[in-house]
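A.B. asks: These protein sequence lines map, in sequence, to chains A and B.
Start counting at 1 in the first sequence, then tack on 1, and there's your number in the numbering used here.
Start counting at 1 in the second sequence, then tack on 1, and there's your number in the numbering used here.
Just so you know, same-sequence chains aren't split out, so a pair can sit in one copy or run between any two.
SDA-like mimics (lysine to any residue), calculated; alpha carbons at most 25 Å apart, straight line: (1) LYS197 / ALA237; (2) LYS197 / ALA115; (3) LYS197 / ILE81; (4) LYS197 / VAL53; (5) LYS197 / ALA51; (6) LYS197 / GLU4; (7) LYS197 / HIS78; (8) LYS197 / THR236; (9) LYS197 / VAL50; (10) LYS197 / LEU182; (11) LYS197 / GLY243; (12) LYS197 / SER241; (13) LYS197 / GLN118; (14) LYS197 / PRO52; (15) LYS197 / GLU84; (16) LYS197 / GLY169; (17) LYS197 / MET247.
The set of hints was computed from the structure by calculation and includes no laboratory data.
The structure presented is a predicted model; accordingly, all values stated were derived computationally and were not measured.
2 protein chains.
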Amino acid sequence: MSENPTAGLLVIGNEVLSGRTQDANTRFLATGLGALGIPLREVRIIPDVAPVIIGAVNEMRARFTHLFTTGGIGPTHDDITSECVAQAFGVPWEPHPEAMRIMAASYPSGDFNAARQRMATMPRGATLIENEASIAPGFTIGNVHVMAGVRRIMQSMFRTLERRLQRGAPIVSASVHATDLREGRIAEALGRIQAKFPMLDICSYPFERNGGYGVTIVAKGTDPAEIDQAIAAVTALIASAGHHPMEGEPA
Amino acid sequence: MSENPTAGLLVIGNEVLSGRTQDANTRFLATGLGALGIPLREVRIIPDVAPVIIGAVNEMRARFTHLFTTGGIGPTHDDITSECVAQAFGVPWEPHPEAMRIMAASYPSGDFNAARQRMATMPRGATLIENEASIAPGFTIGNVHVMAGVRRIMQSMFRTLERRLQRGAPIVSASVHATDLREGRIAEALGRIQAKFPMLDICSYPFERNGGYGVTIVAKGTDPAEIDQAIAAVTALIASAGHHPMEGEPA
Numbered sequence: 002m003s004e005n006p007t008a009g010l011l012v013i014g015n016e017v018l019s020g021r022t023q024d025a026n027t028r029f030l031a032t033g034l035g036a037l038g039i040p041l042r043e044v045r046i047i048p049d050v051a052p053v054i055i056g057a058v059n060e061m062r063a064r065f066t067h068l069f070t071t072g073g074i075g076p077t078h079d080d081i082t083s084e085c086v087a088q089a090f091g092v093p094w095e096p097h098p099e100a101m102r103i104m105a106a107s108y109p110s111g112d113f114n115a116a117r118q119r120m121a122t123m124p125r126g127a128t129l130i131e132n133e134a135s136i137a138p139g140f141t142i143g144n145v146h147v148m149a150g151v152r153r154i155m156q157s158m159f160r161t162l163e164r165r166l167q168r169g170a171p172i173v174s175a176s177v178h179a180t181d182l183r184e185g186r187i188a189e190a191l192g193r194i195q196a197k198f199p200m201l202d203i204c205s206y207p208f209e210r211n212g213g214y215g216v217t218i219v220a221k222g223t224d225p226a227e228i229d230q231a232i233a234a235v236t237a238l239i240a241s242a243g244h245h246p247m248e249g250e251p252a
Numbered sequence: 002m003s004e005n006p007t008a009g010l011l012v013i014g015n016e017v018l019s020g021r022t023q024d025a026n027t028r029f030l031a032t033g034l035g036a037l038g039i040p041l042r043e044v045r046i047i048p049d050v051a052p053v054i055i056g057a058v059n060e061m062r063a064r065f066t067h068l069f070t071t072g073g074i075g076p077t078h079d080d081i082t083s084e085c086v087a088q089a090f091g092v093p094w095e096p097h098p099e100a101m102r103i104m105a106a107s108y109p110s111g112d113f114n115a116a117r118q119r120m121a122t123m124p125r126g127a128t129l130i131e132n133e134a135s136i137a138p139g140f141t142i143g144n145v146h147v148m149a150g151v152r153r154i155m156q157s158m159f160r161t162l163e164r165r166l167q168r169g170a171p172i173v174s175a176s177v178h179a180t181d182l183r184e185g186r187i188a189e190a191l192g193r194i195q196a197k198f199p200m201l202d203i204c205s206y207p208f209e210r211n212g213g214y215g216v217t218i219v220a221k222g223t224d225p226a227e228i229d230q231a232i233a234a235v236t237a238l239i240a241s242a243g244h245h246p247m248e249g250e251p252a
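Using the sequences provided together with the hints, build the complete structure.
C.D. replies: Encoded structure:
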């Protein structure tokens with residue numbers, strides 16, 4: 002997995018930090034990027050505060066192959082992502098001719114007001130991320146992909162990006178679980194299995210359901226054959242601990 | 002709100018980044034901390050990778066009054082939060098006498114194995130965060146509060162912390178919404194209302210439901226009288242745009 006491209010995600014907006022909104026974009030993008038072979042390595046959720054946004058954009062775009070942002074590209078005063086990205090890149094923030102043309106053609110006469118024109122104002126050099134869910138496009142500049150925060154619009158923008166991004170080896174995973182088993186029982190032996198498969202991530206997740214409990218072990222990586230071998234080793238370990246290993250996640 | 006204590010949250014673990022798990026701890030802590038007057042200012046979701054954890058702990062504990070972490074304190078090889086926090090503070094990671102005593106007394110003879118003893122191994126100087134949901138406690142060192150990732154256990158640990166943390170002025174909010182209204186219609190005037198109330202966060206959230214659409218405006222801060230004034234101004238703005246303002250969030 003170490004040769005794959007990587008991704009960071011910056012969730013911009015006060016609504017997740019205040020607890021008003023349950024973030025759902027992270028899981029969608031984590032799954033979608035994993036399927037493209039571009040594993041998500043870090044998420045930051047930050048408020049609509051200019052120096053915080055500018056600092057995070059510059060730090061994260063340097064560390065990951067791609068940086069995705071969601072939120073803060075609407076027409077209101079708290080939507081400052083686009084101008085902050087321009088500042089982070091040190092380029093002018095100016096009307097984007099193509100975005101202006103698309104948006105002007107989509108609003109009734111007189112409705113394309115100054116607030117809405119801000120949504121067509123972008124860092125110089127931006128490429129549009131067209132989408133079918135909203136009039137206003139997102140944009141890409143350098144390795145930074147700026148998307149809406151509204152789930153339906155973000156997903157539509159990501160569908161456009163999917164076709165453009167260079168893929169890595171897809172991340173695949175397999176799992177095995179057992180009930181009535183605490184992870185502390187098998188933890189040491191599991192660490193030895195991880196050591197045998199350094200290219201995989203082998204993770205242990207306790208669960209509780211229907212009054213019972215158990216543990217799920219997940220092996221994740223880019224080599225399906227290695228994953229099969231690791232899962233076979235974990236299956237044997239669970240059996241040797243006197244428990245019944247079951248394929249996959251608990252129902 | 003600027004004089005209130007602040008909080009950062011570090012969500013540690015591969016499961017959220019891979020899309021396997023929907024993070025629910027952020028929303029719980031955002032709401033709980035807001036009620037204590039300790040607004041959550043940033044969340045980072047990072048993998049179980051030692052240098053990443055150590056770097057994030059040191060950066061965030063310097064920037065916020067409190068840093069909360071969730072995840073990575075179980076018995077398996079991928080649970081490395083505790084030793085990383087010790088390294089971040091530059092203190093030894095060693096058996097915590099009280100945690101060892103509590104845990105040894107809770108397991109049947111022979112079951113308190115080496116993997117489980119790792120859960121009682123902590124940075125020197127740590128104070129335990131007892132909880133009713135699990136045998137293993139969390140801990141506080143300096144301004145860093147290390148909690149479990151499993152939701153039920155994390156919530157129990159936070160209930161213990163709530164009684165210990167020094168509170169700020171509670172964050173309160175009020176909202177007004179209107180259907181058939183796009184935020185672009187009122188965005189400029191809303192910016193002027195925000196400028197009149199610099200101590201408040203006035204945010205605009207478009208919504209879609211039942212085939213219709215609209216916008217909710219939220220005013221948030223520590224002064225209820227200012228919030229009332231801001232909401233009155235927004236209500237008048239919506240009415241002047243020819244729409245019907247309704248109290249609160251859409252049903």
